[in-house]
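Let's have the full structure, built from the sequences with the hints guiding it.
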Amino acid sequence: MKRHLISAADLTRDDAVLVLDTAEEMARVADRPIKKLPTLRGRTVVNLFYEDSTRTRISFEAAAKRLSADVINFSAKGSSVSKGESLKDTALTLEAMGADAVVIRHPSSGAPHRLATSGWIKGSVVNAGDGTHEHPTQALLDAFTVRRHLAGAADGGPVPHGAPAGDGTGRDLAGRRITIVGDVLHSRVARSNVLLLNTLGAHVTLVAPPTLVPIGVESWPCEVSYDLDAVLPGSDAVMMLRVQRERMNAAFFPTEREYARRYGLDAARMAALPEHAIVMHPGPMNRGMEITAEVADSERCTAVEQVANGVSIRMAVLYLQLGGALPADSPAAAAGAPTPARTEESE
Amino acid sequence: MTMSKTLIRGARILGGQPQDVLIDGTAIAAVGTGLPADGATVVEADGLIALPGLVDLHTHLREPGREDAETVLTGTRAAARGGFTAVHAMANTFPVADTAGVVEQVWRLGRESGYCDVQPVGAVTVGLEGRQLAEIGAMAESAAAVRVFSDDGKCVDDAVIMRRALEYVKAFDGVVAQHAQEPRLTEGAQMNEGTVSGELGLTGWPAVAEESIIARDVLLAAHVGSRVHICHLSTAGSVEIVRWAKSKGWNVTAEVTPHHLLLTDELVRSYDPVYKVNPPLRTEADVTALREALADGTIDIVATDHAPHPHEDKDCEWARAAMGMVGLETALSVVQHTMVDTGLLDWAGVADRMSHRPAAIGRLAGHGRPVSAGEPANLVLVDPDYRGTVDPAGFASRSRNSPYAGRELPGRVVATFLRGKATVLDGKLT
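Chains as they are written, first to last, in the numbering used here: chain A, 8 to 354; chain B, 110 to 539.
Among these hints, one or two may not hold up.
Short, incomplete list of chain A residues facing chain B, as computed with Cβ under 10 Å [what the hints assert, rightly or not]:
hint : residue
1    : L94
2    : L122
3    : D137
4    : R198
5    : T218
6    : E225
7    : P281
Residues of chain A clear of chain B, computed beta-carbon distances all greater than 12 Å [unchecked claim]:
hint : residue
8    : E32
9    : P40
10   : I79
11   : V191
12   : H193
13   : A257
14   : R268
If you're looking for bench data, these hints aren't it; they were derived computationally from the structure. Even for Gly, the Cβ is constructed at its ideal location relative to N, Cα and C.
The structure is reproduced here in C-alpha cells:
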C-alpha cells in the first residue's frame, strides 16, 4: 500500500482486498469484551477536521483508540484555524508535535493531496473526505459491507437478510452490480465508490437527474442512467446518497417532492430489487427525501451496520499504514529490517 | 550634452539577414550592413534576432495597493527582462484605477521607473462593480491619455452597461477590453469544466461562460459601431466566434496568453495552485485551436496577463489560492516554443503579434514601429538558440508564481532598448 490514502485510486485490487481482510480481523476485536489492541501504542494520530463531521471523526477516533494510539482531535472551530492559520502552518505545527498520521477532513477538494505532497509533514495522510472529491475510507467500508452481504456465504454468494454477517475474506466483488443514486455531482462518496468498486470488479451504475451528473462522467468506469426504475431489477446493492435540500435553490431539481418521486427509494421500488439485494446509505439520511422511513428501517437497509463497519475499516487502514507493514519503498523494507522500535511514551 | 550612440552589429531583424542598427539618442539613425562604429558603443548581436520592443496589453502591476506582490518598479524591471518596452497596467488595483487621479499616479510611477513605458488601463465601471460608468472621459483626457478600458478580473456582464461603454469610448477612439466570464455560470468556479474537473471534484468553469459573453459583445460592438477587445481568449469555441465576427468586418480584436498556448487542465491534477488562473487552463484541443488562431491572425495578439501573487496566496489549498500567474519574463520563450519552433509563426509574425498589433489596439504612439531609420529606438535582441530551465528565483518580478518553474524553454532576451537606452544588456538589467 502507498504511504498515504488520498484517493480510492491509490489502492490496487490486492491492496483493497488486504484492507477488507484486515478489517474482518479488526471486527473480531470488536466482539471481544476488551476491544483494544496494543498495535499502535506510542504512535500519534491527529484528527484534523476542517468540517463538522461528528460521525467520521468519532469513527476514526474509536479506530485509533482501539489500536492504542494516542489521538489528538483538532477541529477548525475554536482553534488557531478560526484565527486564520493556514493549512501549511497547522501542518508544520502537527509535524513539530510528532504526528505519525494525520486524518484530514477538509471542505476544499485536494487539501489532503496538498498536505501529503507539499513536504509540510512526514507522516501518513488519510483523506477523511475532501470537498466534492473523495472519501476513500467510506468507499472501503461500503465495499466491506457489500462483501459481507453479497459474498459472505460459504459458497461466496449472498447471505440471507437478517442472518449473521458473513465473512468474504480473500474475495473481491467481481460481477456484483452496484447502483449509486443521487447527487453524484457533489458527492465525494460516489467518486471514491466508483473507483474502488470498479477496482474490486463490480459493475457500477450511477443514477441521478442530469443536473447532478458531472460533466465528463463518460470517462468514469461506470454506466449512467436517469431512470431509477429501469436499473433497480438488475441491482445487487443500491446505495442512496444524501441529497441536500439546498440544491433545490440552485435549480438542480424543482422541488423535494419531485426529487423524491423520481429518485427516492420507497417500499414499492425496494420490492423491485432482487431478493438478495441490500439498500445502503452513508448517512446522515434525509428520511422522506432520498429514502422513506419504511426502507430505512427495513432489514435490507445496512446504514447502521455501515457505521460499525466504518470503525473496522479505519482500524485496518491505520494499522496497515502505521504498524502492520512498512511501505514497500522504504529503505528498511528494502533491507528486510524489522520495524524500528519506537520509544514508548506514557499515556 | 552628447547624445549616446549604440551600434548593434549583425542582428537578424525580424529573423532576416544580419544587419547593423545604429541608435543615435532615442531613435534609430541607420540600418544597413557594415555601418561604422564611429565612437558608438558596440553591441555584438551575432546570431541574435532583433524585434521591435514588445508591448503587453494586459499586465497587473499591483501598485497601488498590493505592493507586496509587485510594484510598478519591480513589474517594469520584469517587463524589460522579458523584452517589453511598454505595458498596459490593468485597473484592478486598490484603489481601482477608475479616476484620472489613479491612472495619472500609475503613469507617473512608470515614467519614474525608466525601465518600460507604463500605459494605464482605466476601469469601465466605478470600483469594477459593473453598475455605473467610471469617468472614462476624464481618464482619456488625463496626462495618462487612457485609451483601453477594462474591468479585467470582472466581466462587464450587464448588457446595457457594456453597450453604453462601447458607445461612449467612440468619442476618443477608445476600446473596451472585456474579461468574458458569465458570472452566474462561473459561481465558485475553480478550473475548466470537463473530464478533469469531474474527477477532481473542483467546481467547473465552462467554456460556454466565456463564449456566450464574447458572442454577445461582438454583436453589441457591431450594433453600435464601436471596437471591442477580448481579453485572454481561452477556448476553441471563442476562436470560432471571433473568426465569424471578423468575417463580418466587425471591429473585434482578441488576445491569448502564453500559458493558454502551452498548458492544459491536466496539470490541475497536482492540485498545485500555481496552475490556478482565470480563465482556467483548458484542454489540448483548445490549445491547438488557440495556436492556429494566433497563427492565422484570428487572435491578434499575445498578452501576458502577468498576475503576481505573494507566496502565501499560492502555498495553500487550491480553493483558497489566488488566481493568476506571472508571465512577463517567460512570455517570449513560451511564444518561441509554441509558435516559432513549431513553424506556426516566423519572427516577423512574433513582432506583429507582440509589438505592432498590441500597440495599434492600445493606440500607443512610439511603440510597435518598424525597425528602420527614423523610428524610436525601442528594440529587443533575442537569442533563439538558448535553452534554459526556468528558475523563478532569478525573476525581477517581486512574485514567483510561475507555472514554468523547472521547465526547459528556448530563447533568451539578451538586450532591451527603451528609446535608445539599454534597460537590459547581456541578459541583465542595467
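How the hints compare with the structure:
The restraint placing A/L94 at the interface with chain B holds, with a minimum CB-CB distance near 5 Å, inside the 10 Å limit. The interface hint given for A/L122 holds, since its Cβ lies 8 Å from the closest Cβ of chain B, which is under the 10 Å cut-off. The beta carbon of A/D137 is positioned within 10 Å of a beta carbon in chain B (closest approach about 7 Å), and the interface hint is therefore held. Interface restraint check: A/R198 against chain B, minimum CB-CB distance 6 Å, threshold 10 Å, status holds.
The criterion of a C-beta within 10 Å of any C-beta in chain B is not met by A/T218, whose closest approach is roughly 13 Å, and the hint is violated. Below 10 Å, beta-carbon pairs count as interface contacts, and A/E225 has one with chain B at about 8 Å; its hint therefore holds. Taking 10 Å as the C-beta cut-off, the interface hint given for A/P281 is violated, the closest approach to chain B being about 30 Å. Residue-level check passed: A/E32 sits 32 Å from the nearest beta carbon of chain B, beyond 12 Å.
Its beta-carbon lying about 42 Å from the closest one in chain B, A/P40 satisfies the requirement of being farther than 12 Å from that chain. Non-interface call for A/I79 relative to chain B: holds, since the shortest CB-CB distance, roughly 21 Å, exceeds 12 Å. Residue placement check: A/V191 does not keep its beta carbon more than 12 Å from all beta carbons of chain B (closest about 9 Å). Listed as a non-interface residue, A/H193 fails to keep its Cβ farther than 12 Å from every Cβ of chain B; the least gap is roughly 8 Å.
Remark: the non-interface label on A/A257 conflicts with the geometry, its nearest Cβ contact in chain B lying 9 Å away (cut-off 12 Å). Even its closest Cβ contact with chain B, about 27 Å, leaves A/R268 beyond 12 Å, as expected for a residue assigned away from the interface.
Checked against the numbered hints above, the structure breaks hints 5, 7, 11, 12 and 13 and satisfies the rest.
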